[in-house]
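Asker: If you want the building blocks of each chain, they are given just below.
Protein chains: 2
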Amino acid sequence: MGALGRLILGRPTREFAPRARPVIYRIRHALPLLAPDALSSVAYAPDEILLTLAAGGVVALTLSPWVGLAIAAVMAVVVTSYRQTVKEYPEGGGDYTVAKENLGLRAGGLVGGAAMVDSLLTVAVSVSCGAQYFGAIVPALEDHAKVVAVALVALITLMALWGIKALDQTVIYAVYLFLGALVLLGVAGGIGHLNSTLGKSPAAAFEVVPTAPYAAGLTTLGAAFLLVRAFSSGAVALTGVQTISTGVASFREPKPRNAARSLTFLGIMCGGLLIGILLLAQRVGAVFVANPTTELAYPSGQLVGPEYHQEPILAQIAAAVFHDSWPVFIIVTALVGFLLVLAATTAFRWVPALMSMLAQDEFLPKQFSRRADRRVAAHGIITLGIGSAALIWLMNASVTRLIQLYIVGVFLSFTISQLGMLKHWNGKLPLAKTAPERRRIRSSRAVNALGLALTAIALVIVVVTKFIYGAWISLGLVGAAFWVMLAIRRHYRRVADELKLPREGREALGLPSRVHAIVLVSAMNRATARAVAYARASNPDTLEALTVAVDMARVWDLRRGWVRADLPVTLRVLDSPGREITRPLIDHIADLRTRAPRDVVILYIPEKVVRHWWERFLHNRSAARLTSKLRHIPGVVVASVPWQLDQPPDPKSN
Amino acid sequence: MGALGRLILGRPTREFAPRARPVIYRIRHALPLLAPDALSSVAYAPDEILLTLAAGGVVALTLSPWVGLAIAAVMAVVVTSYRQTVKEYPEGGGDYTVAKENLGLRAGGLVGGAAMVDSLLTVAVSVSCGAQYFGAIVPALEDHAKVVAVALVALITLMALWGIKALDQTVIYAVYLFLGALVLLGVAGGIGHLNSTLGKSPAAAFEVVPTAPYAAGLTTLGAAFLLVRAFSSGAVALTGVQTISTGVASFREPKPRNAARSLTFLGIMCGGLLIGILLLAQRVGAVFVANPTTELAYPSGQLVGPEYHQEPILAQIAAAVFHDSWPVFIIVTALVGFLLVLAATTAFRWVPALMSMLAQDEFLPKQFSRRADRRVAAHGIITLGIGSAALIWLMNASVTRLIQLYIVGVFLSFTISQLGMLKHWNGKLPLAKTAPERRRIRSSRAVNALGLALTAIALVIVVVTKFIYGAWISLGLVGAAFWVMLAIRRHYRRVADELKLPREGREALGLPSRVHAIVLVSAMNRATARAVAYARASNPDTLEALTVAVDMARVWDLRRGWVRADLPVTLRVLDSPGREITRPLIDHIADLRTRAPRDVVILYIPEKVVRHWWERFLHNRSAARLTSKLRHIPGVVVASVPWQLDQPPDPKSN
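Each protein sequence line maps, in turn, to chains A and B.
Quick note: the first sequence uses my numbering, first residue 1, plus one each step.
Quick note: the second sequence uses my numbering, first residue 655, plus one each step.
Incorrect hints may have been included.
Said to hold, decoys possible - Which residues of chain A face chain B? A few of them, derived with a C-beta cut under 10 Å, are:
#, residue
1, G190
2, L194
3, T197
4, I488
5, G510
6, R526
7, E607
8, H632
To be verified - Below, a sample of chain A positions facing chain B; criterion: calculated Cβ distance under 8 Å:
#, residue
9, I27
10, Q367
11, A527
12, A533
13, R579
14, L618
15, S622
16, V638
No wet-lab data here; the hints were simulated from the structure.
We put the beta carbon where it would ideally sit given N, CA and C, even for glycine.
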């Protein structure tokens, strides 16, 4: 690892974030560490609900609390089902483990692929949304949300690489401060509402212009379709709940019970916050539309035009509630933005663990299974950073567009996981001995059946209503990830089959008849002498030194040195009409192999080991090329005999 | 070499341009192959002379033929001295060999560095100038000279990589056509002048506005300084003459005589063409200035402004001479542009040879000495292509600015080479036996003394007058190249010293006391079995199999397989508290080395050889990292035992 590598990856001795053994936390620390993902989705879900309903005009907007209620109901089912999951799979692993154990490895692979894509999107969504909140405080940033978001991703990536421990502590504080800010917002808003001193959102002054299909008024069918679309957008609030099921191992004993409690608590919190935010948004007249330029108008009927910057809902609420004390508005909005950005760290903590699980099942290159190895984990972290930054850039940091990509993968995992749990109970039922046990299993199964029905419906709605808006992109990405993972697994399986020892393994373990040692030499020096000595020490059946005659003057020098050294090894000079080095050697060795196919050829290559990276360009170039070609000839072993240059002489070695 | 490599480098079987043994040509083919460099400089030198004189206004322009005459005189001396060089150094090698043999390796290195930089600049200059001529025919290209020039460099680079034989033939034709075009131009111009039917250059209608220091009129001192600067710019016409001295080997026997003849012929041609072009330019009123926007005015006194495009001198002459038949104008101008672009191929032919010479003297990495190896030669060609394209881009394809960089290196080489020849004669003089021989040596020495005086003066003038215009850049580049070359040579010398066998070499050749073989295993399979079999076949003093316990399940699998295979080798499992692979192994082996420092450890690593490049990411990653770390421990040999995946089973091997 060079200086640059050290700069990017941090010092090798510093502790690395994805540790080999998970650190154990109390609930009051574990929950905030695992919660930001779910809490952040509560921050952006209301925007998506209002945005969808706004297409139907002002009347449609009054329906928003009902949409929130529907989502909270689904969340209750999902939370209940994940409580069961953490109890049944206390080792963690989440949806991937559930799918793999109950529906087979391929289903697991599909969930794994979806989880990889979702981890990119969760970073992209929450950082982009965080950039919006910072833009609401510092208007100069509003026009550069894309750049701000990518810079934040870069910062988080570096912090994850350095494994800064303070990051965990910061996340815990940020969650409590965020919750505090929202409670403050709710209490102050409620008091204001009762005293009738509640302000209005700055956007409340505008008229919402219904978009084309709803311009003529809202039909019953139109309203139903709008509600369905609003539900499918708002369903993004459900994301992040499953994170706890992946982190069971981080809780104190009894792990499953603590995790289940945390889940319930998180579910109640998220559901309550979502409905609360939607109600407050209605009271303050918050308005959020897809295209402010064409959908917002002054009371005079004139469109607001491209100059207008739309603030996210929580910023609008904060502006209304704290309209008479802007420092509080700034603090509350900043805390929301801060939590959104830190929510991305959940994915950075999770991805190396996910890749390690996938690698253990041979869905990814084997080296990823060693996530304690900082270099290996760094690959996952860097990929996540670059991938999510690319998505932000391509989608112009548009939260709405990114969410349309995001929820497909989330609901795909949800649905497969529910199906897996259903099968899990079906398998467990016949083994139950007592009636209460059977009853318990049946009722658990009922929860998952309901969960399956709800999430499957939501998945269908999401795919149908969002297909052209981006769901096709995420389906494509998930499909591609799945395809690559299957290809990798197939490769490993094929290799394992090829390498499997036959039942009567003895003949495969037979020794080669004879050993031919060849020392490759180009000049007579200490490195050559060492290679010859080592080759002789291994007592081969035949031993010769070999050189290629590219430059006759050098060959003569070599011959002279050889004679002077008086070595008991013959020096053979290979002709090279084309003045090439590799070809004649390959031919010679291949020839040797053909004449004695049951023998083994060991080629000793003296190699100079340099201390500085740039010196590598000055040595061993032909040896490197030769080695890479020789690897394809069976029965040839390449033994590199190193000579360490520039090192204090080792009196003990020769 | 992958598909992309093949696409860029061409098929391995196709013949490659820089051949191992030079092809022998008759004079009528060898001369045109070596001449384009010199001829092309005659095409752009007049522009530079007129451009410098134009600063002094119209009066100064009348002096241009005198400047041409001075340059022709210097050329006569330079040609005479190079005639001597080719006779004394018939193996070729040019200035580098002369400097090295007479002034020592460091002087050779300096000339070599200058030659490397000049090869970049000769390509940049002649292609940029060629782009100007094409712009004179196709006005749409005029605004994009930079892009056109870079595209042409890319094309030439690819042709050089592919080693297209037709290129040589094309160059020969292009030279004869270029000469034919210039003779036609001269004859038609001369007849036109006698009949008074000669047209005027389109630029003759403009007034030349003298620049600031000369605006008040031309003083004697001012005129002298202008003349000196014009001479130093026009001296670029001398470049390319030395090319013949590097290509003596390409001539038929008697090589030195044929080369000397060619030199004389080339010198007369270049001198004649230069003076002829300057005279014709004066007759047709050709005007060429550094900044047309500020230095050219309509007769009304109004400046021509940035819209005006200035054509190069030969295009202006052709336009005037063939003012009544534009097809002839187009053909003549295109032939000039064509030759200028093809002149760049000389550098592409020369650079691999130069790098080979420098590498033989250890100024460059050794692999460059094998220029018959297409991969090695390709490095030089690609470097030349990218470097010259970068110079064109940075200098905005401005011929004038590039020439200011170019001539410094050229005259540096000229001067050192003349000094070398002077020393050569001084060394030869005492050995001469007869009086005529001594006389001949003395007169030869006088030529080189004169040459040294002239080129040294020219070098000083060039450096002084051009320093701030770019000479500092090329001096910096030459210095950097020289510094890198010296560093490389120092490195090789130090390594050679370190590796030198002691006089009483016997004890250095002593055998290690014992051989410890270690087979690195991670799973029980055929690849492992093969590695164990090969290790056993080499009859080591001790033999053990080693694995690192990262994943206990895998270790148990391995142990079971080991017992079932009933191998007579113990399997040792190393603990890894940090779940790392490399560290425990390194520690174990280092420990072994400390306990028995006179022994040698051979580590057998079973390695899976894959067929597709992408499969490399799936295997041997830990082995590769381990190997690169083990190289730094003395007395450890890494023997890789390959298992070729996916290959037809070889019944003969085990």
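Asker: Which numbered conditions among the earlier hints are violated in the structure presented, ordered from lowest to highest?
Answerer: 1, 2, 3, 9
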